[in-house]
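From just these sequences and the hints, can you work out the full model?
Residue numbers (the numbering used here), protein chains in the order written: chain A, 1 to 328; chain B, 1 to 328.
The set of hints was computed from the structure by calculation and includes no laboratory data. A portion of the hints provided could be inaccurate.
Same chains, same names: a pair is fine if it fits in one copy or spans any two.
Pairs of lysine to any residue residues, derived as SDA-like cross-links and limited to a Cα-Cα distance of at most 20 Å, are as follows [to be verified]:
# : residue 1 : residue 2
1 : K245      : R256
2 : K257      : L271
3 : K138      : S284
4 : K175      : E199
2 protein chains.
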Amino acid sequence: MKVLLVNNQSDEPVMEFGDYPTPEPAENELLVKVKSTALNRADLLQKKGKYPVPEGESPIMGLEMSGVVESAGKGVTKFSEGDRVFGLLGGGGYAEYCTIHEEMALSIPDFMSFEEAAAIPEVFLTAYQALMWLGELKNKETVLIHAGASGVGTAAIQLAKHLKKAQIAVTAGSKEKLDLCRSLGATLQINYKEQDFAEKIRERFGENSVDLIIDFVGSPYWENNISSLGMDGRLVYLSMLGGAKVEEMNLVPILRKRLTVRGSTLRNRSLDYKKQLTEQFWNSTRDLFEKEKLAPVISAIFDWSDVEKAHLMMSKNKNAGKIILNGM
Amino acid sequence: MKVLLVNNQSDEPVMEFGDYPTPEPAENELLVKVKSTALNRADLLQKKGKYPVPEGESPIMGLEMSGVVESAGKGVTKFSEGDRVFGLLGGGGYAEYCTIHEEMALSIPDFMSFEEAAAIPEVFLTAYQALMWLGELKNKETVLIHAGASGVGTAAIQLAKHLKKAQIAVTAGSKEKLDLCRSLGATLQINYKEQDFAEKIRERFGENSVDLIIDFVGSPYWENNISSLGMDGRLVYLSMLGGAKVEEMNLVPILRKRLTVRGSTLRNRSLDYKKQLTEQFWNSTRDLFEKEKLAPVISAIFDWSDVEKAHLMMSKNKNAGKIILNGM
Chain A
1 MKVLLVNNQS DEPVMEFGDY PTPEPAENEL LVKVKSTALN RADLLQKKGK
51 YPVPEGESPI MGLEMSGVVE SAGKGVTKFS EGDRVFGLLG GGGYAEYCTI
101 HEEMALSIPD FMSFEEAAAI PEVFLTAYQA LMWLGELKNK ETVLIHAGAS
151 GVGTAAIQLA KHLKKAQIAV TAGSKEKLDL CRSLGATLQI NYKEQDFAEK
201 IRERFGENSV DLIIDFVGSP YWENNISSLG MDGRLVYLSM LGGAKVEEMN
251 LVPILRKRLT VRGSTLRNRS LDYKKQLTEQ FWNSTRDLFE KEKLAPVISA
301 IFDWSDVEKA HLMMSKNKNA GKIILNGM
Chain B
1 MKVLLVNNQS DEPVMEFGDY PTPEPAENEL LVKVKSTALN RADLLQKKGK
51 YPVPEGESPI MGLEMSGVVE SAGKGVTKFS EGDRVFGLLG GGGYAEYCTI
101 HEEMALSIPD FMSFEEAAAI PEVFLTAYQA LMWLGELKNK ETVLIHAGAS
151 GVGTAAIQLA KHLKKAQIAV TAGSKEKLDL CRSLGATLQI NYKEQDFAEK
201 IRERFGENSV DLIIDFVGSP YWENNISSLG MDGRLVYLSM LGGAKVEEMN
251 LVPILRKRLT VRGSTLRNRS LDYKKQLTEQ FWNSTRDLFE KEKLAPVISA
301 IFDWSDVEKA HLMMSKNKNA GKIILNGM
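Following this line, the structure appears as structure tokens:
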């Protein structure tokens with residue numbers, strides 16, 4: 001089958017088409033003809049050789065996809081040939097075909113396009129996991145979502161609003177991104193380039209007012225994150241794009257405010273964990289997608305032959321929402 | 001009624017007897033004739049004016065007690081005059097009488113003395129909360145308990161062993177203390193004065209092998225704690241007696257190992273939280289106390305007129321287990 005592979009012969013690795021054996025669906029797996037896949041930041045790291053592929057996963061990029069069931073492996077009961085499906089992958093989306101465990105696959109509702117479906121898994125499952133499982137978000141709590149216009153950010157705003165009626169503060173770096181966050185349901189939009197987010201939050205919600213923070217930035221925000229959190233507050237790290245070394249960390253607020261600080265990624269979780277997450281996510285959100293309360297935010301759609309343009313857009317932070325590859 | 005009060009006229013505050021109004025049991029409260037109370041480190045801080053009394057709580061020291069129900073307030077259904085009870089207090093144990101909400105009171109089983117009962121609430125409820133609620137200890141996990149011979153430490157070792165069949169590593173500062181930990185069920189005893197605990201744990205259980213750490217020490221142990229934790233590991237802070245400032249804190253392991261760091265105290269929790277904790281604790285441990293699988297570790301018993309000797313013993317870290325005051 002035709003796939004996109006990394007050519008790292010030159011200094012700057014580039015994607016190029018190549019051949020690769022079409023995967024065989026194992027027991028309980030589906031072979032899917034890929035219609036769309038979506039970019040993730042991990043792709044850019046993997047391209048540079050900086051993101052080791054977890055054991056047992058496809059070395060081909062692409063952590064999510066939508067497509068049509070081509071054939072079903074032994075024991076499959078939930079899907080059959082021709083079904084439209086989408087879901088999270090351990091890898092393998094940048095290809096004509098991929099395999100997925102039937103319990104990791106979700107049926108694409110009639111009202112949803114392949115592009116929309118491919119834009120959902122990584123960001124919505126990550127946001128759902130961060131808010132609901134790790135962050136234990138409760139009704140009407142106050143949540144601060146950094147990088148609000150990122151893929152995960154846009155999903156998290158919507159989920160926090162529609163599942164928990166949360167008060168939502170976001171940070172982002174431009175007016176356009178903040179407007180997008182507002183349109184999705186953010187209550188307070190903060191331009192981190194111009195404003196101190198802790199100060200803005202204090203003004204709007206008061207001292208020690210945040211119940212949950214979803215952070216991708218790391219050390220530059222540590223101090224302000226901790227000072228913004230209230231009693232029993234939670235700080236969930238999904239990445240640390242701004243650095244990970246905190247010069248002087250004070251443990252006292254962790255004890256005094258009974259804080260929880262935790263980190264998590266989705267990709268290296270067990271299949272069982274991902275199945276449960278997928279199932280619980282879809283049970284609590286499918287209706288909201290149908291009613292258009294929830295919708296994936298798509299920033300751009302490229303033909304997969306233009307993958308380099310797509311990667312460039314992401315590496316320059318030009319996207320607000322997901323970047324889709326089509327046309328496999 | 002007769003109580004112990006702080007005389008802070010001189011440089012070194014001392015406890016002395018005084019008079020105080022006998023409390024009135026409010027709705028659903030019991031008035032209890034105190035038989036025994038037990039010391040807590042918070043008492044020493046409060047004596048020095050360094051532990052603000054939570055709003056609505058008695059300014060009299062004493063965070064736990066055992067005694068006999070003197071009278072029952074309106075609406076009390078679970079206890080009546082003459083019942084032997086024990087439980088956690090927000091304060092008020094250093095006195096002839098105290099009040100306690102009936103749902104915070106537990107019936108003292110026949111096999112248990114007043115001294116034993118008074119030695120249970122703070123350390124066992126704190127340890128139970130830390131291991132089971134905050135630390136989510138699972139069957140056969142590996143747990144590291146710092147200050148293993150402290151009151152909470154001795155309770156945590158027993159609970160981890162008998163409720164979850166855990167592998168238990170402990171740290172303490174003397175052979176006597178480590179022997180006590182071993183007798184209670186610790187698998188690996190580490191003298192922190194002579195050995196690097198992270199190294200000892202690596203030797204015995206392997207790299208990244210600890211699932212849960214209960215820490216009272218704080219910054220001096222940060223680095224070794226984080227490096228000892230394995231995937232999905234949890235670090236629970238109950239105090240930070242050794243300091244709270246960590247230089248150069250690295251957030252990376254929190255993300256990579258999906259760690260959870262949390263702090264908690266028991267005293268400032270809501271009444272509702274404490275009721276639930278008390279109930280759940282007793283439901284899962286009463287039988288184990290009866291079978292003598294669990295037992296409070298009592299280091300010394302003083303008459304309450306000797307409270308200064310008792311405080312001195314604690315401030316010098318001479319106790320391994322609880323210090324009891326008797327004879328109110």
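Hint check:
1. K245 / R256: Only across copies: K245 and R256 sit 14 Å apart there, 23 Å inside one copy, limit 20 Å.
2. K257 / L271: between (35 Å within a copy, 17 Å between copies)
3. K138 / S284: within (15 Å within a copy, 28 Å between copies)
4. K175 / E199: Intra 19 Å, inter 51 Å, cutoff 20 Å: intra-copy only.
Hint check: no violations occur; every hint is consistent with the structure.
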